[in-house]
Every structure is written in C-alpha cells, then in structure tokens.
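*Asks:* One-letter residues, chain by chain:
2 protein chains.
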Amino acid sequence: MSNLIPVIEPTMVLNEDVCKSNIARMAQKAKAARVTFRPHFKTHQSREIGEWFRASGVEKITVSSLNMAMKFAEWGWNDITVAFPVNCLEHEKINYLASRIRLNLLLAHSEGAQKLSACLKYPVGVYLSVDTGYHRDGVDANNYEKIDRIINIVAPDVNIKFEGFLTHAGHTYNARSKEEILQIHRDNLRMLKNIKERYINRYPQLKISIGDTPSCSLADRFGVADEIRPGNFVFYDVTQMHIGSCEWYNIAMAVKCPVVDINRDRNEAVIYGGGVHFSKEYIARPGDRPLFGLAAENHSDYWGNLIPGTELVSLSQEHGILRCSDAFIANLHVGDIITILPVHSCMTADLMKTYHMSDGKVAYHI
Amino acid sequence: MSNLIPVIEPTMVLNEDVCKSNIARMAQKAKAARVTFRPHFKTHQSREIGEWFRASGVEKITVSSLNMAMKFAEWGWNDITVAFPVNCLEHEKINYLASRIRLNLLLAHSEGAQKLSACLKYPVGVYLSVDTGYHRDGVDANNYEKIDRIINIVAPDVNIKFEGFLTHAGHTYNARSKEEILQIHRDNLRMLKNIKERYINRYPQLKISIGDTPSCSLADRFGVADEIRPGNFVFYDVTQMHIGSCEWYNIAMAVKCPVVDINRDRNEAVIYGGGVHFSKEYIARPGDRPLFGLAAENHSDYWGNLIPGTELVSLSQEHGILRCSDAFIANLHVGDIITILPVHSCMTADLMKTYHMSDGKVAYHI
Numbered sequence: 001m002s003n004l005i006p007v008i009e010p011t012m013v014l015n016e017d018v019c020k021s022n023i024a025r026m027a028q029k030a031k032a033a034r035v036t037f038r039p040h041f042k043t044h045q046s047r048e049i050g051e052w053f054r055a056s057g058v059e060k061i062t063v064s065s066l067n068m069a070m071k072f073a074e075w076g077w078n079d080i081t082v083a084f085p086v087n088c089l090e091h092e093k094i095n096y097l098a099s100r101i102r103l104n105l106l107l108a109h110s111e112g113a114q115k116l117s118a119c120l121k122y123p124v125g126v127y128l129s130v131d132t133g134y135h136r137d138g139v140d141a142n143n144y145e146k147i148d149r150i151i152n153i154v155a156p157d158v159n160i161k162f163e164g165f166l167t168h169a170g171h172t173y174n175a176r177s178k179e180e181i182l183q184i185h186r187d188n189l190r191m192l193k194n195i196k197e198r199y200i201n202r203y204p205q206l207k208i209s210i211g212d213t214p215s216c217s218l219a220d221r222f223g224v225a226d227e228i229r230p231g232n233f234v235f236y237d238v239t240q241m242h243i244g245s246c247e248w249y250n251i252a253m254a255v256k257c258p259v260v261d262i263n264r265d266r267n268e269a270v271i272y273g274g275g276v277h278f279s280k281e282y283i284a285r286p287g288d289r290p291l292f293g294l295a296a297e298n299h300s301d302y303w304g305n306l307i308p309g310t311e312l313v314s315l316s317q318e319h320g321i322l323r324c325s326d327a328f329i330a331n332l333h334v335g336d337i338i339t340i341l342p343v344h345s346c347m348t349a350d351l352m353k354t355y356h357m358s359d360g361k362v363a364y365h366i
Numbered sequence: 367m368s369n370l371i372p373v374i375e376p377t378m379v380l381n382e383d384v385c386k387s388n389i390a391r392m393a394q395k396a397k398a399a400r401v402t403f404r405p406h407f408k409t410h411q412s413r414e415i416g417e418w419f420r421a422s423g424v425e426k427i428t429v430s431s432l433n434m435a436m437k438f439a440e441w442g443w444n445d446i447t448v449a450f451p452v453n454c455l456e457h458e459k460i461n462y463l464a465s466r467i468r469l470n471l472l473l474a475h476s477e478g479a480q481k482l483s484a485c486l487k488y489p490v491g492v493y494l495s496v497d498t499g500y501h502r503d504g505v506d507a508n509n510y511e512k513i514d515r516i517i518n519i520v521a522p523d524v525n526i527k528f529e530g531f532l533t534h535a536g537h538t539y540n541a542r543s544k545e546e547i548l549q550i551h552r553d554n555l556r557m558l559k560n561i562k563e564r565y566i567n568r569y570p571q572l573k574i575s576i577g578d579t580p581s582c583s584l585a586d587r588f589g590v591a592d593e594i595r596p597g598n599f600v601f602y603d604v605t606q607m608h609i610g611s612c613e614w615y616n617i618a619m620a621v622k623c624p625v626v627d628i629n630r631d632r633n634e635a636v637i638y639g640g641g642v643h644f645s646k647e648y649i650a651r652p653g654d655r656p657l658f659g660l661a662a663e664n665h666s667d668y669w670g671n672l673i674p675g676t677e678l679v680s681l682s683q684e685h686g687i688l689r690c691s692d693a694f695i696a697n698l699h700v701g702d703i704i705t706i707l708p709v710h711s712c713m714t715a716d717l718m719k720t721y722h723m724s725d726g727k728v729a730y731h732i
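Protein sequence lines correspond, in order, to chains A and B. Counting from 1, position 360 in the first sequence corresponds to residue 360 in the numbering used here; the numbering is continuous, with no gaps. Basically the numbering used here = 1-based index in the second sequence + 366.
Please keep in mind that the hints were generated in silico from the structure rather than gathered at the bench. Please read all numbers here as calculations on a predicted model, not as lab measurements. It cannot be assumed that every hint is accurate.
As the list claims (entries may be wrong) - Which stretches of chain B does chain A cover? Using the computed rule of at least three CB atoms under 8 Å from a CB of chain A, they are: (1) 372-383; (2) 410-422; (3) 454-467; (4) 476-484; (5) 495-504; (6) 635-643; (7) 698-704.
Think of the CB as a built atom: it goes at the ideal place given N, C-alpha and C, for glycine as much as any other residue.
Same shape as in the complex, but just chain A:
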C-alpha cells in the first residue's frame, strides 16, 4: 500500500503519471509535425513540473507575465516568450530579463511598440499579436495597415528583432465539438498563411506561433505554424473534456475535499472546498445549475471513474454544494473525502499552490 496523501482540508492532488503522459504526448506530436514545442507554463507555474518538460526535450517556454518570466529565468530557463501584450511600466523587469536570457515579447498595439522601443536597453525578440477571431487582444489578421504600422515602428530599433506573428485562437473554448475546434484551427492557419505570404520576403526568418490547447490536442497538422504553445493540456480539466479536447482519464489534477454536511432531502452534500480553492469559474448549463466540477471515485492516492450524476453545482467562499445521485448519497457520511475534477485547472492550481503526489512528493506553484 502506498503512503497515502493525508487529506484533512481541501488538498490538490496531481497524478504524476497522467501529467507526464500529457507532456510526452504533446512533445511527440510536435516532433512528428516538425514544429517547435514551446509550452505555456502559466497552467502549472511549477519549477518541478517544468523539469518534467525539460526531460522531454523542451528548452523554450511561454509564460503570461513578466513576474512568471522572472521566476522561470531564475530556475534556469533562458528562452522565454511572454505571450501577453507588453506592459512597459514593467521596463525594469524587461531590461533585467533581456540582459540575461533570450526574451520574446508580444506587441499588440502601435503605442506599446513605441513605448517598448523607448525603454529597451538590451535586445529582445518581438512577436506581433494577431487576432484571428478570438477578439481579445492584438491586431485584426486582415488589417495589414495596422500590422505595417507596428512593424515599421520596431524595424529601425537595433534592440528589437521582429520574430513573426503569434495568435491565441481562444475561441476554440467556445466550441462544443471536435469538428468545430478543428474548423477554427483550419481557419486560423489559413489567415496566418496569408500573413506569412505577405511578409516572408521582407522577413525570411519570420515564424508563426499558435497556442490553444483544444487545437493542439485535436489537430495533428499545424500547416503554416512553426511553433505551438499549448499550456492547459499539462493537466487538462472538465472544460477541456466538455469541449472534446481530452477524455476524463487525461485529467491529471483534482482537489480532495472533506464532506461537512449532508442534506438527504435535497440530495446535496456540503464540502469544504469553495471559490478560494476552485475559483468561481463554471460551465453554464441552460435549464440546469452551473457546473463547477465533477466528482470522481477515490482510488488510492488519486481517483478512478467519474461518479454518475454527482457534480459540484454551487460555490461560496469556503463551501461547495455537491449535488449527488441517490446511489452515491446513500453511503455518504460527514468526514468522507470527495475527489473533484475542476472546471478550470489553471485557476484552481493558482489558488491551491501545492501539488501533492504519492509517497509524500510535492511540487509548488509560484
């Protein structure tokens, strides 16, 4: 019998084998497709899990803040893309990093480009953020005038090397089928192909970087892309399962929570596990209560199958409401431990901070 992970309060549990399989599968896919694998580390934000990537041959990474870049640079990563529109108020961090590692920054707006050019003391690479339909940040993929304006601002700057175009097709998260995700992926690549063709003569080395976990999980071909930057796949979660980019058994992370109250009249249990543990992100379900997580059978240190009809349907700060099946609640007692697969593993990991694994092994989130 293994040395069980002690659970007396909400405890994040990481299945190391599943997580390493997720990493290996994506690394293998990138290799087969001959694209650079530059995983996004914003999901795990862990020095230890980072080393599992390194063991899979990863040398280049993506992060979503300069603070995260500072940490991973400290931990020996020396080729980092910060895939967030550059914030030149943090110029000290930018210059600190640029003086020490190979740093890529993201430009989304001509004013950001001007400010970057004005504050840089060391060389950096830049990607231009193009919007292929997600409509969060960056320049519309068809607006060549705006693209040209940004490129022309940075082109004369000896400290700035224009690396290429980067997109995050986050609208795949609104998809509800594999085919819909793959259609977005193809549309994305087609728009990026047009851009590449327009600029390749001026910038023969330019690279195309794409990134969302749904596309990278389901597609095997990446067309014009030179690089993939998925992040969430390291753990996956109920959202990814819901949209079809993984199966439940690919989910590597869960939170174990004590049962503190049971209401058999309503088929509900109250667990110690709320918004400060899971985040309050949910999947809306018309005509039904929102979904904050799915319950899975306890199995040694980790978990087994999903428990049919047993779901986290409400969260307050520390309380979670688990709606239970008749069969499940019949044998449930106060003090039992429930394993919950979270709706969004990035947010849950950011709150829980400590990854518990078998045999007392732990890893830490920043």
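The hints should help you fit chain B onto chain A, whose structure is shown.
*Replies:* Showing chain B alone in chain A's frame:
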C-alpha cells in the same frame, strides 16, 4: 501632493478612510441596536485591518476556517466563532485552539456533532446552523426533530456548551432591491424567533446569531438576534452596490491595472488584470455581457466617480476586457492606469493579498 502608490502591475488599493467609516458605522449600528458585533474577518483576513476593528471596540470575531482562526488567535484574538460546519478531520487544530482561546464551532449535521464529541479534549461552544431559506448548509429551521437530535448528542458532553442558533441568510444576495432584502431579513428573524421560543426554557442563555452584509447594512433592528456577523461591509463591492446594500462611494477597495492594448473599432481596452487578480466571479446580465467590475476615475491614490459606460466585461487568466464609452476611449492610451471596483471584494482580496494605502502604508491578507 501625497506619495502616490506606484502601479506597474495589478495593484490592490485600499481607501483607509472609507474602510474605517464602514467599520465605525456598523459598530455604531450594533451598539444602538444592543446586539453583539462579531464581524466576519473572512473578507479582509488582515492582521492590520483587524486592529481597526479592535479600535472600534470589537473583541469577538467570526472566521470561516480553522486555518483563519489559527492566524487570528496568533494575532491576539481570543474569542472566535468558526462559522463553517465543523470538520473534525482537523481535530488537532480544534483542540489546539480550544486549549488556548474561547472557540465556538458550528454544527450542521448529527454526524458532525458525534465526531466533534468524540475528538474534543478541551471545552468549546457550539452553535447549531439553521437554514432559514438559503439552502446551503445546516438544519431546516422548521425541522425540530433534527435540531433536537443534534442538541441531544452534544448536551451530555462536558466539553461542549450549546450556545444557540446561527444562520446566514445568504439568499439576500439574490435580492435586487432594498425592500426584498428587508423582507428576507424579517422572515429570517421570524423563523429564529420561533426557534428561540421553543428552546429558551431549556437553554435560558441561548443566543441567536445572524450574519449577512445586505441585511445588516439595510436593517436597523435585529429583533430576536443577539449578535450580528457581517463581513463584506468592510470593503463592500459592486455586488453589494448592485443589490442595494451600499452606494458606490462606500466601496473601500479597488484594483489599479495598466492598459496594454486598445481596440477602438470595438470600443475595448485590454488591461493587465484577469481572473488571477479579480477572480472570475461576475454578475450575469441577460442580453448583455457579464459584469466583472466597474471602472472609476483615478483620483490621487484612490478613485473618484464611476466612469459611465465603462465596465469590465470579460476576463481570462491575466487579461481583462474593458468595454469603454466613446468619451472615455477617446483619451485612453496604452500605459494608462484604470481603477476597477471589483464584483466580489472577498474573492479579489484573497487573490491580491497586499492592500496598498497612501504614503506607502500596506496591510496584508493571510
């Protein structure tokens, strides 16, 4: 000119004057209504802000976890109610606290009562959690059979003193008018009065404890209640404003965020400030985008009026999408700082951790 709070990344700002006014007003109200003021510290979770309460005469507090109780006990609070169904897996913390301070615990289920009785080595007080309509935890306020069962489990235990009945009328958060909140408050007190009348002969000292911020903000009379436990009022937030329990100028906490991208075609700005800063809690608005926060004018270290038509309508991990009015976006630039009043201050404070005040003063969340 004051020594401005430096903002280069998402920064939580606390208006000390507004916060102290919120505390003083509630303390005064409790005094006038002759009820004990046992504020809930789960919102601020700050040693320093706790001292502001102490300066207002507060000696007894409420928290929502044993971990929080451990911290506040360390910081000199010696009369603490943990208003969360007791979790006896944490018996070591329970006994540690019970041996050192006056500790009140919450019973919601007969199994929890049995487990508590079995693990206690030192005396505690207990409240019974009664459900007056929120339907989260506790025993239905009309189910005297279940109430009796729990009381009869703990009555013979020399380590357990039955203190009375506690409720959290959290369904006031679903209200959308002051009158609706006050109606819930009156219904709540009526149900508690029935319970008190039934048990007062057996327990002449029994107390009734109520707690939600909407009721405590709007009501001046607390009927049968002996104690009030509001928490969120210390900061308030856009949710409280939305349901009518405060005005915007009572909100004491905000997050200042840099603008990193602007899309004038969509009237949107991208701010550095996402789900890991604000939490992903939102106010749903049928036919409109969800509301994650409201923008306010920058004013010295703090903020002034709300900016009409300028709202946080989407969040991803680090990005926020601010939908702007024409007038506001016309003068907006990348690198500007936007002040956002959060939808739920408890969740935002839990993520942001550091409270910045004028003149370099700071306070810390656990």
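*Asks:* Evaluate each hint against the coordinates.
*Replies:* Consistency of the hints with the structure:
1. For the region 372-383 of chain B, the stated coverage by chain A holds: 3 residues have a C-beta nearer than 8 Å to a C-beta of that chain, and at least 3 were required.
2. Figure legend: the region 410-422 of chain B, annotated as covered by chain A; annotation inconsistent (0 residues with Cβ-Cβ distances under 8 Å, at least 3 required).
3. Under a criterion of three residues with beta carbons nearer than 8 Å to beta carbons of chain A, the stated coverage of the region 454-467 of chain B is upheld, 3 such residues being counted.
4. A stretch counts as covered by a chain when three or more of its residues have a beta carbon under 8 Å from one of that chain; for the region 476-484 of chain B and chain A the count is 3, and the coverage holds.
5. With 5 residues carrying a beta carbon less than 8 Å from a beta carbon of chain A, the region 495-504 of chain B meets the three-residue requirement, and the given coverage holds.
6. Counting residues of the region 635-643 of chain B whose beta-carbon sits less than 8 Å from any beta-carbon of chain A gives 4, enough to reach three: the coverage restraint holds.
7. For a cut-off of 8 Å, the count of residues in the region 698-704 of chain B with a CB near a CB of chain A stands at 3, and the three-residue condition holds.
Checked against the numbered hints given earlier, the structure breaks only hint 2 and satisfies all the rest.
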